[in-house]
Amino acid sequence: MRKAKSPLQTVPPGHPNDRGGKAQPMLIVEDLRKYFPIHAGPLNRKVAEVKAVDGISFSVVKGETLGVVGESGCGKSTMARLLMHLMPKDTGHLIFDGDAVAEPTGISLRELRRNLQMVFQDSYSSLNPRLPIEESIAYGPCVHGAKRAEAKAIARDLLEKVGLRPELFGARYPHELSGGQKQRVNIARALALNPRMLILDEAVSALDKSVEAQVLQLLGYLKRHFNLTYMFISHDLHVVQYISDRVLVMYLGQIVEIGPVDEIYNSPRHPYTRALLNSRLSMDPDERVETAPLVGDPPNPIDPPSGCRFRTRCPFAEEVCAANAPPLGRSSSPLDHLAACHMAHEGSGHSRANQSPAILRPSIPPVAAPVQRIHA
Amino acid sequence: MTLMESFGSAATLVPPAGRPLVEVRDLGVSFVSREATVKAVNGVSFELMPGEVLCIIGESGSGKSVTMRSLMRLHPKRRTVMSGSMRVGDHDILSLSDREMNSIRGRTVSMVFQEPMTALDPVYSIGDQIAETVMRHEKCSRADAMKRALELLEFVKVPSPERRLKAFPHELSGGLRQRAMIAVALSCRPSLLLADEPTTALDATVQIQVLILLRKLQKEFGMAIILVTHDLGVAAQIADKVAVMYAGRIVEYGKVRDVLMNPAHPYTRGMLASTVHGQAKNTEIETIPGSPPDLRFLPPGCSFSPRCKYVLPECIAAVPPPIANGPDQVARCIRVGELPQTVRAGVA
Amino acid sequence: MTDMTVGSGFDAGPVPERAPEQRVRGYWQTVWQKLRYDYVTLFFMALIALIILSAVFAPLLAPIDPYKSSMVYRLKPIGYKQFILGTDEQGRDMLSRLLYGGRVSLTMGIVPVVLATSIGGLLGVLAGYLGGRPNTIIMRTMDVFFAFPSVLLAVAISGSLGNGIPNQLLTLTVVMIPPLCRVAETATSQIRGMDFVDAARASGASMPSILFRHVLINAISPVLVYASTLVSACILLASGLSFLGLGVPPPTPDWGLMLSTLRQAIYVQPLVCALPGVAILITSVAFNLVSDGLRQAMDVKG
Chain L
1 MRKAKSPLQT VPPGHPNDRG GKAQPMLIVE DLRKYFPIHA GPLNRKVAEV KAVDGISFSV
61 VKGETLGVVG ESGCGKSTMA RLLMHLMPKD TGHLIFDGDA VAEPTGISLR ELRRNLQMVF
121 QDSYSSLNPR LPIEESIAYG PCVHGAKRAE AKAIARDLLE KVGLRPELFG ARYPHELSGG
181 QKQRVNIARA LALNPRMLIL DEAVSALDKS VEAQVLQLLG YLKRHFNLTY MFISHDLHVV
241 QYISDRVLVM YLGQIVEIGP VDEIYNSPRH PYTRALLNSR LSMDPDERVE TAPLVGDPPN
301 PIDPPSGCRF RTRCPFAEEV CAANAPPLGR SSSPLDHLAA CHMAHEGSGH SRANQSPAIL
361 RPSIPPVAAP VQRIHA
Chain W
1 MTLMESFGSA ATLVPPAGRP LVEVRDLGVS FVSREATVKA VNGVSFELMP GEVLCIIGES
61 GSGKSVTMRS LMRLHPKRRT VMSGSMRVGD HDILSLSDRE MNSIRGRTVS MVFQEPMTAL
121 DPVYSIGDQI AETVMRHEKC SRADAMKRAL ELLEFVKVPS PERRLKAFPH ELSGGLRQRA
181 MIAVALSCRP SLLLADEPTT ALDATVQIQV LILLRKLQKE FGMAIILVTH DLGVAAQIAD
241 KVAVMYAGRI VEYGKVRDVL MNPAHPYTRG MLASTVHGQA KNTEIETIPG SPPDLRFLPP
301 GCSFSPRCKY VLPECIAAVP PPIANGPDQV ARCIRVGELP QTVRAGVA
Chain D
1 MTDMTVGSGF DAGPVPERAP EQRVRGYWQT VWQKLRYDYV TLFFMALIAL IILSAVFAPL
61 LAPIDPYKSS MVYRLKPIGY KQFILGTDEQ GRDMLSRLLY GGRVSLTMGI VPVVLATSIG
121 GLLGVLAGYL GGRPNTIIMR TMDVFFAFPS VLLAVAISGS LGNGIPNQLL TLTVVMIPPL
181 CRVAETATSQ IRGMDFVDAA RASGASMPSI LFRHVLINAI SPVLVYASTL VSACILLASG
241 LSFLGLGVPP PTPDWGLMLS TLRQAIYVQP LVCALPGVAI LITSVAFNLV SDGLRQAMDV
301 KG
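So the sequence lines, in the order shown, correspond to chains L, W and D. Residue 97 in UniProt numbering sits at position 97 of the first sequence, and the numbers go up by one each step. Residue 257 in UniProt numbering sits at position 257 of the second sequence, and the numbers go up by one each step. Residue 110 in UniProt numbering sits at position 110 of the third sequence, and the numbers go up by one each step.
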């Protein structure tokens, strides 16, 4: 179901640091795993593990925006921190533009961090409250050996690029900025090392809607201007649909579905994805949801259900779901639409495995018409 | 159902038909500190009939939460200057003594907060917290209060309520905590429930469950709800009436369908247009340029005028009065009716 | 900006933010702005300055040699002849002795706190930032000291070291390190979890750079506030040690020691005997109130 003009096929003109060429994915993640031990008791012994990220593999194509969605506790933020090497991973390999990361034959961590940066959620802790924002942005280049004046110039240039006049804002402290302005600074800080890929972890979630639109617009502009690749982590399905080329859905530390955005939103194959999409609130008061698409909260990741982790909340769960975990499957191309559900795999033993995915269509038709501009 | 019977007496608290349950007239709230006076609310008036749901929509700093908390007089007394009048049922909120106010809190008016983890007391079990409110207001025995707590938990659809009665807040998931807090708020059958972003901290699949629950409780008990939110989708799901706030004023007020589908004020229109909601990829989302005004130095006239593209010299001269746009909708904009046809009619 | 277009051209880049007219103030300037209107704190800061100055310039201010005793003028009341504040049990001028005593008492209050802040603060910041095993080693060692009441610990250490000013300074420093270390550790471990520290790590910065540029400047205000409350505790503790005979040896003028030697005369000249106690009280109250004010002023929202 490949479309004639997918945004993925229009790979942007090369970045000066491009090494692997157009076809090489920007980032390949293989079998990433992180369990947090839980210590308890008088001897502080390990009693359990939180399986925050449990063996996920995917790749990020050059020039795309990969949206990552899932509910709180699904491991999406942990994954971001693992990719940034802010915490040690238990297992897993990272290949950045063809080079293995932090392995003898590949690139160093320092090299990775020049190319891969992260934008944090706007909060009181995202910027150092005791540094003027200019210094916060200039800090990265300084660390990588830029002269102070050079780093300052980079910072001022970036402030201009994110829409903050450096002469007015450069010397300010974070508490003197609004949420949207702080988030612009966060973005500028991430861009200061001239990276090729940004991980945006709930980068617009804490902002007011009108400010969110401004920042999304800015992100679009920067992506084109700097040839960036985005991984956009969010719980807001509307925003993910708007900004992403492909979408990755996580549930309890695992990928349940991945694929091009239109396929995921128009014909989701995993019941969890469908429930998530049905939980979106319509802005039309006549389209009120009468029955909740899912009951209960996500189970505790300390002791996830056997087999398919979603089966405890899944309306289609059968014996096979408890017996063995459905595989996501290997993709031959990044454009493949994969779902870790027995119903999506023929011959899995699930009674609905042979039915067409149409039965899983969301009950609310997606709003397709673009909102027109106010001014005539 | 015993619970419904016990809730039946709520009818006595509801004033005679035709009289609004809540009447707020020209409410002003300022926070005074040594450095500056922040005018958080500047002349807000609205009415709410018994059994109606009003959503106050606004962005951060619009004064929506301050307005709602004023109805419970939750602001620090020493630093707050309040003006205007507020009536809930037969109580004139601003002239009540602290003691009288306390007897109203929880009984006539109760509140659900955004973060149940901080709003519930971590050292008492859920059952104790519900029972405590019941015992304080109804002077009944502890056993009766616990029985009531169990009924309430069943009512807000908490699974295995006997077990959860003894659970502490940290042992519950986010959705269950919010349900437990709703149970605490409902424990003395309030005629008015205030909810401050009750679903913002919840996941999407849980948010919808809580909204459906609130709607059901409201229908069955006939309570009025004032719900503060920044999410237009939440308002569309639950509201009868909508008030849009900007810089401490209600800029648009009306029935939910009218305001969301046919907005009259440029700010409401801008907010609807800038909400990401099914816009096609690679189309531009509209944004409202600039940022909200500093509440210490409000511009004279319409506070939205510096960001408004339809601004006229008259807008800057004086605060526009509420102007009707149809039978059930008012907007504080002197150009109501002159503006181009509505944005959203085509979408629906 | 009068031409208000909604949004910008699709590829024209961001709309520049309009900046509200606003003074740009740094953290310390903001703190000062808050303090400037806090008249209580300002008054007690001035009082502390006065006490310190009068101790520093005691040789110039003292009307009579503080060591000069006289059998004739023993335990004279306040305002007796040239003795403005009376005399003690050996006929020495109280005013002069109080001024000179301030030198010892203030040194005992301030120097150990400064030393303990540097040592304990550094240990605490390291423990808080490194976490894990280094944290366990440092903090459990501190817990050993915490297990003893501070007075008992001070008595034990100075009892074994013997009296004298250097030994007493050492004693007080050791006693003050554990609480400061704990405060620094708590503050640091909170800051370590913040996103801006992760952002600095993500930019590839080294640990010392992160510690100095990001952690220390944020952890310092709670530590400073706590240290200022310890000054008064330290003065009291030093006075207590002197009172017990474990501090400075007589005839050195010291408020605690003076209180101790005068206590037998409490029924003869109660007002004069109370004077060293009043000096201790005023000084420690002043330090406590100033640290309260500092805590409020330094509580600037990030």
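These are calculated hints, taken from the structure and not from any lab test. These numbers were taken from a predicted model, which means no experiment stands behind them. Accuracy of the hints is not assured; some may be wrong.
Straight line, CA to CA, 30 Å or less: simulated DSS-like cross-link-like pairs of lysine-lysine [claimed, not checked]:
no., chain 1, residue 1, chain 2, residue 2
1, L, Lys223, L, Lys152
2, W, Lys39, D, Lys68
3, L, Lys223, W, Lys147
4, L, Lys161, W, Lys166
5, L, Lys22, W, Lys281
6, W, Lys139, L, Lys46
7, W, Lys77, D, Lys34
8, W, Lys139, W, Lys77
9, W, Lys281, L, Lys161
10, L, Lys223, W, Lys309
Given the hinted pair Lys22 of chain L and Lys281 of chain W, is their alpha-carbon gap at most 30 Å? holds, 23 Å
30 Å Cα cutoff - pair Lys223 of chain L, Lys147 of chain W: violated, 59 Å
Restraint check for Lys139 of chain W with Lys77 of chain W, where alpha carbons must lie at most 30 Å apart: Judged against 30 Å, a Cα distance of about 29 Å means the pair holds.
30 Å Cα cutoff - pair Lys223 of chain L, Lys309 of chain W: holds, 28 Å
Between Lys139 of chain W and Lys46 of chain L, does the CA-CA distance stay at or below 30 Å? Violated: Lys139 of chain W and Lys46 of chain L sit about 48 Å apart, past 30 Å.
Under the criterion that the straight-line Cα-Cα distance not exceed 30 Å, is the pair Lys223 of chain L, Lys152 of chain L satisfied? The given pair, whose Cα atoms are some 23 Å apart, holds under the 30 Å limit.
So if I understand the rule, the pair passes when the alpha-carbon distance is 30 Å or less; does Lys39 of chain W with Lys68 of chain D pass? Distance of about 66 Å is beyond 30 Å: violated.
If you draw a straight line from the CA of Lys281 of chain W to the CA of Lys161 of chain L, is it 30 Å or shorter? OK: Lys281 of chain W and Lys161 of chain L at ~23 Å, within 30 Å.
Taken at face value, is the distance from the CA of Lys166 of chain W to the CA of Lys161 of chain L at most 30 Å? At roughly 55 Å apart (the allowed maximum being 30 Å), Lys166 of chain W and Lys161 of chain L break the hint.
Hinted pair, alpha-carbon criterion (30 Å max): Lys77 of chain W, Lys34 of chain D. Please report holds or violated. holds, 21 Å
Hints 2, 3, 4 and 6, counting from the list given before, are not met by this structure.
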